[in-house]
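Q: Below are the chains, spelled out letter by letter.
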Amino acid sequence: MNEQARPVSDEPQMRRRVEMVVNGRPRSAEIETRLLLVHFLRETLGLTGTHVGCDTTSCGACTVRLQGTPIKSCTMFAVQADGLEVTTVEGLAQGGKLHPVQEGFKEEHGLQCGFCTPGMMLVSAALLEENPNPTEAEIRFAISGNICRCTGYQNIVKAVQWAAQKTQSGQAATTVA
Amino acid sequence: MAVVEEKVTTWLGRSVKRKEDDRFLQGRGNYIEDIKLPGMLYMAILRSPHAHARILSIDTAPAMQVPGVVAVVTGADLVAHKLAWMPTLSGDTQAVLATDKVRLQGQEVACVIAEDAYTAHDALGLIDVDYEPLPVVTNPQQALAEGAPLIRDDKEGKTDNRIYHWEAGDQAATERAFAQADRVVSIDMHYPRCHPSPLECCGCVADVNPASGMVTIYMTSQAPHVHRTVFALVTGLPEQNIQIISPDLGGGFGNKVPIYPGYVVATAASLLIGRPVKWIEDRTGNLISTGFARDFYMDGELALRQDGKMLGLRVNMLSDQGYAYADAQPSKFKAGLFHVVTGSYDIPAAHVVTDGAYTNKAPGGVAYRCSFRVTEASYFIERLVQKAAYELGLDPAELRRLNFIQPEQFPYTSATGFVYDSGDYERALDLALEKVGYRELRQEQAKLRQEGKGKLLGIGLASFTEVVGAGPGRQFDILGIRMFDSAELRVHPTGKAILKLGVKSQGQGHETTFAQIVSNELGIPPQDVIVQEGDTDNTPYGLGTYASRSTPTGGAATAVVARELREKAKRIAAHLLEAAAEDLEWELGRFFVRGTPDRGVTIQDVAFAAYTNLPEGMQAGLEGVHYYDPPNMTYPFGSYVVVVDIDAGTGQWKVRRVVAVDDCGVRINPMIVEGQIMGGLTEGLGMAAMELITFDEEGNCIGSNFMDYLLPTSMETPHFDLFETVTPSPHHPIGCKGVGESATVGSPAAYVNAVIDALAPYGITNIDMPVTSDKVWEALRSKGVG
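From first to last, the protein sequence lines stand for chains B and D.
The working numbering puts the first residue of the first sequence at 24, with every later residue one more than the last.
The working numbering puts the first residue of the second sequence at 16, with every later residue one more than the last.
Just so you know, the hints here were simulated from the structure itself, not pulled from any lab data.
Possibly wrong hints are sitting among the right ones.
[Unchecked claim] Pairs of lysine-lysine, DSBU-like flavour, derived with a Cα cap of 35 Å:
#1 D/Lys450 x B/Lys129
#2 B/Lys181 x D/Lys450
#3 D/Lys347 x D/Lys173
#4 B/Lys181 x D/Lys173
#5 D/Lys97 x B/Lys181
#6 D/Lys402 x B/Lys189
#7 D/Lys470 x D/Lys669
#8 D/Lys22 x B/Lys120
#9 D/Lys349 x D/Lys450
#10 D/Lys468 x B/Lys120
#11 D/Lys22 x D/Lys402
#12 B/Lys129 x D/Lys470
#13 D/Lys470 x D/Lys450
#14 D/Lys347 x D/Lys97
With these hints in hand, go ahead and build the complete structure from the sequences.
A: Next up, the structure:
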């Protein structure tokens, strides 16, 4: 019953200024200290590609990269990310070119409703930076903190493999439509 | 290098990459939570902690004091506007906000509307509700027992908790069949309560303009047109002033078919306050209060001859509906299409008795990727057939083969009155067995059994037949609205087109699949066809997407309206070519004069002429609308084989292999079809192995978040091997049958049959889902194994 479980306080909420580099761009705002990172990204910055699916760190729809590491932004306060670098799905494409992972998801039908897709792609991109040629088991392990309700994961695995191959063969990425 | 352009002769069977992907891949989708309007307020719902209690008082004054709170709404406020109760899609009633009593844990009691979401949630904790707890009913047996607490005492004249008693089939004929039987095999099972849990919860933004009286409701809706009509009936607002816009949906699986209290309160609040109101459900609210699935207690018997021929089937089914009958059932079918329970088998006589009961649990069992109770029916017969095979000493594949409806028997009328359109069941089963290496697996199984080292191998089959694609409208309706669906197609002067549909995608790829249907009929390539859905002001009336009905109904409507436009295009082409229309021939995208292939015009030429150079007396434009009422349902089928390895020492089971043969008729986009099947096979595994909503004696919901309600991750989900056979539907314009739910219907029985197949030699005949390792271990231990 988490709707009831939220603390009630008569005190005015504390506010603080935070500064972050989000998708390569310095951003700053004065916010309530209790503001979750996902709400900072979605509401304060208007980056709505990051989604909320479960509120309990279980589903991974809210995954973003903090200093390069995938984290679940629904269970982190924005003030905890003060001074750090954040990458969201909006920051995946670079210089007008889709990230190979984005291309892979389209080529291999790695998404259906698209709700888990941003988190899945960010985790996959982080995996490929660490391990450019992962096995199926390594891919499945890497995405195991992210739930997809539509695809059954098989095509997500293929999408990551597609991206790995594409990155390794060093072909030019497709221009963003 | 010369590029040879392939001449396209059909757009069916082509895995066109999805048109909708680009926005989702770049975080540019437009889901309900992404919608923000000027002056928008936020709503949060206070839910009941009790499963059954009388409300003695509600004090909202402290909540109203919180800075930023604009209003607190209770049931009493709604009574004044006659909005405290609303109709369900099955014609029952459901509370919007509780007035007299709460009847499930999680029921909506009050709503706070505030300047921001955090403030709204803060204020919930300051609402003081005084409850007097009442005795709780948590299962239907208890509900129907003598002296059970009356749950719906709000309904005048209601004296018990029974919702319906409904029978199908022929009782006398079935009794005769059983009298002639050599063997009677029985089974008794519970298909437990589970939940569709789309990754996106429900929500809405209600925007009532006090000046114009226009009501715009952005909401997570699989059936926006029906919802508009219900909103008009509930609120008394004129229907032309109501616009429902269902944006991108983050999954649905049936969960977004019903109308939930949150939508109604947000709309009422916007009406009263005069500002837009947003409500976004949290996961706990979604799991404990919205459309669940299943919760069927099923027992029954199969009458057989000694040689394995099935003679008759008897089924008793008791369903736990929660506190309201709210599962969007076609009005003539109280237990949905459960009576398709004879499945793929030629069973001459059947009798189905069904009862529904109120309990202190969430209402709305429409949900979870199931065409009106077909999932439960398929699970029942496929489990029972396996048990019968063991009792007769036959291989489960052989017993199925012996009783399949044969290809020459179609159209086949089942003992409960369904007219199956087409099928070739043995071909699908044979293919599945060949691909999985059935004989070798049985040999391996025998060897492992002989070795007796605690390694068990199970092979489970399911040869399911579904009934999907409702209408026909003469038989099927929701609240009296016939179950047709619609398509409106406009071809612009430059030869590009827009297709508007009454159905609504939740991730199924309609923007691509339905564009391909237009392409296939008119030769306009898919990239030139935009598909719009979800906005009731901008699309023709339709019943929406669920029950695998979009391609059978909306897809058929698209093909028919495109053909109608082609007829008009032909007359324009004749005018342009100065030939008689009868002398024209059509190749995809082009008319030409018979015998003179060079003398022709493209569909794009014709489209331009439709606005610039028309035959005398012809109306301008190239557009039309078609409302398609299907002549029959469609009957997709398939055979699945699941292979599991079980460690008898721990009860742990692991899927080694899944081979799925699906026959959904003609496949428009095979890539999308296979995506649907793999998703369904995964949800089927979820139901079979881990997904469960259960309750303690006080009616506390266990399974109210994703730490307790377990969904399959990439680790449990196996690799799937998919194959197809193609038996077109004879009555669908392009031979399609629908596929969205095949795998959730067919696969749970295959998974459970595989586990039971491994345990059967020890006398274990059933384990209710979810078949967790501890249940397997307990079952083995009770037989002295492991």
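Q: Against the structure shown, which of the earlier numbered hints fail to hold, in ascending order?
A: Structure breaks hints 4, 5, 6, 9, 10, 11 and 12.
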